[in-house]
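Student: Here's the letter readout for the chains.
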Amino acid sequence: MVEPLCVRDEQFRMVGADYRTHIPQVKRRTLRQELKGKPILSLLVFLVIILGCIFAGKLANHDPSGFYLQNLNEAPSAEFRFGTDSLGRDIYSMIWYGGRVSIAIGFLGAAIIAVIGTAYGCISGTANDKVDSVMMRFTEICGSIPSLLFVLILSAVFRTQDVLSISLVIGITGWFGLARIVRSEVRQIRNSEYVLYARCCNGGFFYVMAHHLVPNFISAVMFIIVSFISSCMTTESTLSFLGLGLPVTVISWGSMLSLANKALIMNTWWVIIFPGLFLVVTLMCITNIGSFFRKEVNRKHSNL
Amino acid sequence: MTLQKHRLLKTILKRIVLFMIAMLVLSVVVFFLARLAPGDPLQSFYGDSLEMMTQAEQHAARVRLGLNENILVQYERWIVNVFHGDFGISLKYKIPAMQVVSPLIGNTLLLGTLAYLLVFTLATLLAVVCALHEDDLLDRIICKIGTAAYYIPGFWLGIVLVLLFSINLGWLPSSGAYGIGKAADIGNRIRHLILPLIVMIASHLWYYAYMIRNKLLDEFRKDYVLLAKSKGLTRHEIVWKHCLRNVAPTIISIMAISVPHVTGGTVVVEAVFAYPGIGNLAVESAKYHDYNLLMLTVLITGILVFLSSFAAQTINEQIDPRMKETEAIKW
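Protein chains in written order, with this note's numbering: chain A, 1 to 304; chain B, 1 to 331.
Worth flagging that the hints you see were computed from the coordinates, not collected in a lab. Even glycine gets a Cβ: it sits at the ideal position worked out from N, Cα and C. One thing to keep in mind: the hints can contain errors.
[What the hints assert, rightly or not] What the simulated footprint calls covered on chain A by chain B, stretch by stretch (three residues with Cβ under 8 Å from a Cβ of chain B suffice, anywhere in the stretch; the number is not a length):
hint	segment
1	145-155
2	230-239
3	242-251
4	263-276
5	282-292
[Stated by the list, open to error] Here are the computed lysine to any residue pairs in the SDA-like style, where the Cα-Cα straight-line distance is at most 25 Å:
hint	chain 1	residue 1	chain 2	residue 2
6	A	K36	B	I145
7	B	K229	B	P249
8	A	K130	B	I257
9	B	K10	A	E140
10	A	K130	B	I141
11	B	K94	B	A274
12	A	K38	B	I141
13	B	K215	A	K262
14	A	K38	B	D135
15	B	K215	A	M222
16	B	K144	A	V48
17	A	K38	B	A148
18	A	K36	B	K144
19	B	K241	B	R221
20	A	K38	B	N214
21	A	K38	B	G146
22	A	K38	B	Y150
23	B	K14	A	S184
24	A	K38	B	I145
25	B	K287	A	V250
26	A	K262	B	F165
27	A	K38	B	C143
28	B	K10	A	D129
29	B	K144	A	I225
30	B	K222	A	K130
31	B	K144	A	I49
32	B	K144	A	I273
33	B	K231	A	S302
34	B	K144	A	S42
35	B	K231	A	L304
36	A	K130	B	L8
37	A	K130	B	I16
38	A	K36	B	E134
39	B	K215	A	I181
40	A	K262	B	S166
Model the full assembly from the supplied sequences, consistent with the hints where possible.
Tutor: Encoded structure:
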């Protein structure tokens with residue numbers, strides 16, 4: 001007969017703090033702490049710009065493609081808030097409409113780059129050594145040509161430029177770097193058991209890619225893809241400025257800046273500053289938001 | 001010894017073969033894209049007088065310029081001519097394309113090389129400053145400013161600088177490589193180079209400085225730094241004499257990869273400042289569908305880029321023999 005072990009509290013003497021009442025206080029984090037390290041300001045500014053572009057019709061007080069021939073090169077005033085350009089168009093209204101095109105090209109171009117880059121990288125990463133090295137040599141050769149020259153050639157091919165064709169041009173010439181990064185990521189995980197298992201179960205290439213490869217490297221690549229949005233926007237504006245992108249009639253921040261050389265002659269700073277400022281602020285917001293996706297490496301303490 | 005020589009010969013041969021393949025791919029891509037483009041080369045050759053021509057005259061002109069044949073035949077003839085040093089006639093300038101390009105190569109090389117050297121010297125210095133003050137206020141401020149500067153499009157920065165310094169303050173010239181009749185005046189040339197160089201540096205500096213900074217920070221975590229510190233070396237001595245030396249191969253390989261990036265930058269800068277160079281010419285010829293000229297400019301840039309990246313790779317192997325094993329190309 002074993003007596004049931006019955007521990008009675010009275011038999012023990014409490015020493016020190018009572019463990020039953022000592023519950024570590026979980027401090028609720030203040031709003032300030034929650035927000036720390038997150039790109040709030042960038043997100044807000046970006047949201048304002050996006051909303052402004054979506055509701056461009058409400059914000060604009062003039063027809064963005066209307067030529068106000070009485071008011072050529074007019075300085076910012078109450079009526080034309082950001083002034084008018086050398087064609088007599090209202091810059092304030094154009095900025096909101098132009099933002100739609102610029103941001104759309106940024107996202108579209110980045111999407112094209114992401115699709116081509118990941119697909120190519122996955123194929124190259126899973127293929128055998130010979131195919132892989134040929135494919136990587138190809139990206140190296142193409143990547144070593146200045147991409148702007150590539151874009152120049154391609155944009156000479158497309159006679160009439162519109163949003164779609166210019167995103168295509170930017171997308172086609174921009175994916176080489178991404179493909180190489182994706183490939184090296186795929187190389188690391190392609191021999192893991194779950195990929196092997198999926199292939200044994202007759203999983204096709206695209207099935208494996210979509211269900212096993214992409215989810216595993218997407219976090220490492222996300223930052224790069226987001227930063228492609230801003231680089232696509234930069235390329236678009238550079239091309240339009242050079243006269244090889246969107247024509248002046250299609251309003252984007254870049255094509256507004258293609259009048260910059262005329263503005264320099266007339267010394268009308270508002271034609272140059274406002275579209276550029278909006279472009280730069282948007283680029284920085286996207287970059288800040290993008291770098292939030294980047295995994296911070298925990299650094300050891302410096303020996304120095 | 002003979003084995004070493006044999007291996008060296010093999011790497012050089014490999015490089016040359018790779019270079020040839022790269023040039024072939026480049027020429028094929030450029031040629032076919034340029035020829036399939038919808039723009040009419042006759043238009044850029046004859047300009048407005050094209051509309052005055054009859055069908056028969058247009059056809060005769062096509063035959064004379066060799067535009068009527070099969071595209072493969074055209075490519076073959078073009079390649080054969082290229083090996084004879086004949087790159088065809090510039091459709092816009094009506095003189096051999098080589099004659100248009102050759103006086104401009106020097107200008108572009110000057111701008112590109114100066115920018116390249118300045119970017120990497122400054123990037124290394126900036127990286128050392130940042131790394132020494134890791135996570136200090138100074139470092140964080142430089143990081144913020146650097147990122148901001150990197151994301152300002154180069155062409156816009158160029159226009160703003162011209163607006164500020166040339167037009168409103170009148171300190172520096174806004175365009176060209178030298179004033180009229182002052183081609184030999186070095187001071188004048190330098191004044192023309194200042195703004196383009198500033199734009200080139202501003203739009204490339206931080207990208208590389210940040211890479212080098214992170215490399216240096218990784219280096220600071222290594223054990224030899226602790227040893228050097230316990231020997232009593234100062235921070236500056238450790239960084240300059242030990243860490244920087246270990247990072248040097250990385251810097252040079254970054255330099256090798258960066259050649260196309262910087263070259264692309266010269267295209268934009270030349271176009272903004274109307275600097276007479278290859279980049280500006282490439283933009284112009286793309287605009288006017290001047291295919292022969294466009295192809296030549298792209299080929300020359302391609303050759304420059306490939307040569308310099310091969311050179312950097314070779315230098316790298318001299319500095320750090322470990323590179324040979326890791327970077328070996330497997331076929």
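Student: Taking the hints in turn, state whether each one holds.
Tutor: Verification of the supplied hints:
1. 145-155: Held - the segment 145-155 of chain A has 9 residues with a Cβ nearer than 8 Å to chain B, which meets the minimum of three.
2. 230-239: The restraint on the segment 230-239 of chain A holds, since 4 of its residues have a Cβ under 8 Å from chain B and three suffice.
3. 242-251: Our answer is that it holds, as 3 residues pass the Cβ test (under 8 Å) against chain B, meeting three.
4. 263-276: Coverage by chain B holds for the segment 263-276 of chain A (6 residues, Cβ < 8 Å).
5. 282-292: With 3 residues closer than 8 Å to chain B, the segment 282-292 of chain A meets the three-residue bar; holds.
6. A:K36 to B:I145: 20 Å, holds
7. B:K229 to B:P249: 23 Å, holds
8. A:K130 to B:I257: Roughly 24 Å separates the two Cα atoms, so the pair holds.
9. B:K10 to A:E140: With Cα atoms ~21 Å apart, B:K10 and A:E140 stay inside 25 Å; holds.
10. A:K130 to B:I141: Violated, at roughly 47 Å.
11. B:K94 to B:A274: 21 Å, holds
12. A:K38 to B:I141: Measuring from Cα to Cα gives roughly 18 Å; hence the hint holds.
13. B:K215 to A:K262: 44 Å, violated
14. A:K38 to B:D135: 18 Å, holds
15. B:K215 to A:M222: 22 Å, holds
16. B:K144 to A:V48: 22 Å, holds
17. A:K38 to B:A148: 18 Å, holds
18. A:K36 to B:K144: It holds: about 17 Å lies between the C-alpha atoms, which stays within 25 Å.
19. B:K241 to B:R221: With Cα atoms ~16 Å apart, B:K241 and B:R221 stay inside 25 Å; holds.
20. A:K38 to B:N214: It holds: about 22 Å lies between the C-alpha atoms, which stays within 25 Å.
21. A:K38 to B:G146: 20 Å, holds
22. A:K38 to B:Y150: Holds, at roughly 21 Å.
23. B:K14 to A:S184: 24 Å, holds
24. A:K38 to B:I145: Cα-Cα ~19 Å, so holds.
25. B:K287 to A:V250: 18 Å, holds
26. A:K262 to B:F165: Holds, at about 17 Å.
27. A:K38 to B:C143: Holds, at about 17 Å.
28. B:K10 to A:D129: 21 Å, holds
29. B:K144 to A:I225: Given that 25 Å is the threshold and the Cα spacing comes to 21 Å, the pair holds.
30. B:K222 to A:K130: Violated - the C-alpha atoms of A:K130 and B:K222 are around 37 Å apart, more than 25 Å.
31. B:K144 to A:I49: 22 Å, holds
32. B:K144 to A:I273: 21 Å, holds
33. B:K231 to A:S302: 17 Å, holds
34. B:K144 to A:S42: 13 Å, holds
35. B:K231 to A:L304: 12 Å, holds
36. A:K130 to B:L8: Since the Cα atoms of A:K130 and B:L8 sit roughly 24 Å apart, the hinted pair holds (cutoff 25 Å).
37. A:K130 to B:I16: Holds, at roughly 20 Å.
38. A:K36 to B:E134: Holds. A:K36 to B:E134 sits at ~20 Å (cutoff 25 Å).
39. B:K215 to A:I181: Between B:K215 and A:I181 the Cα gap is close to 19 Å, so the pair holds against 25 Å.
40. A:K262 to B:S166: It holds: about 15 Å lies between the C-alpha atoms, which stays within 25 Å.
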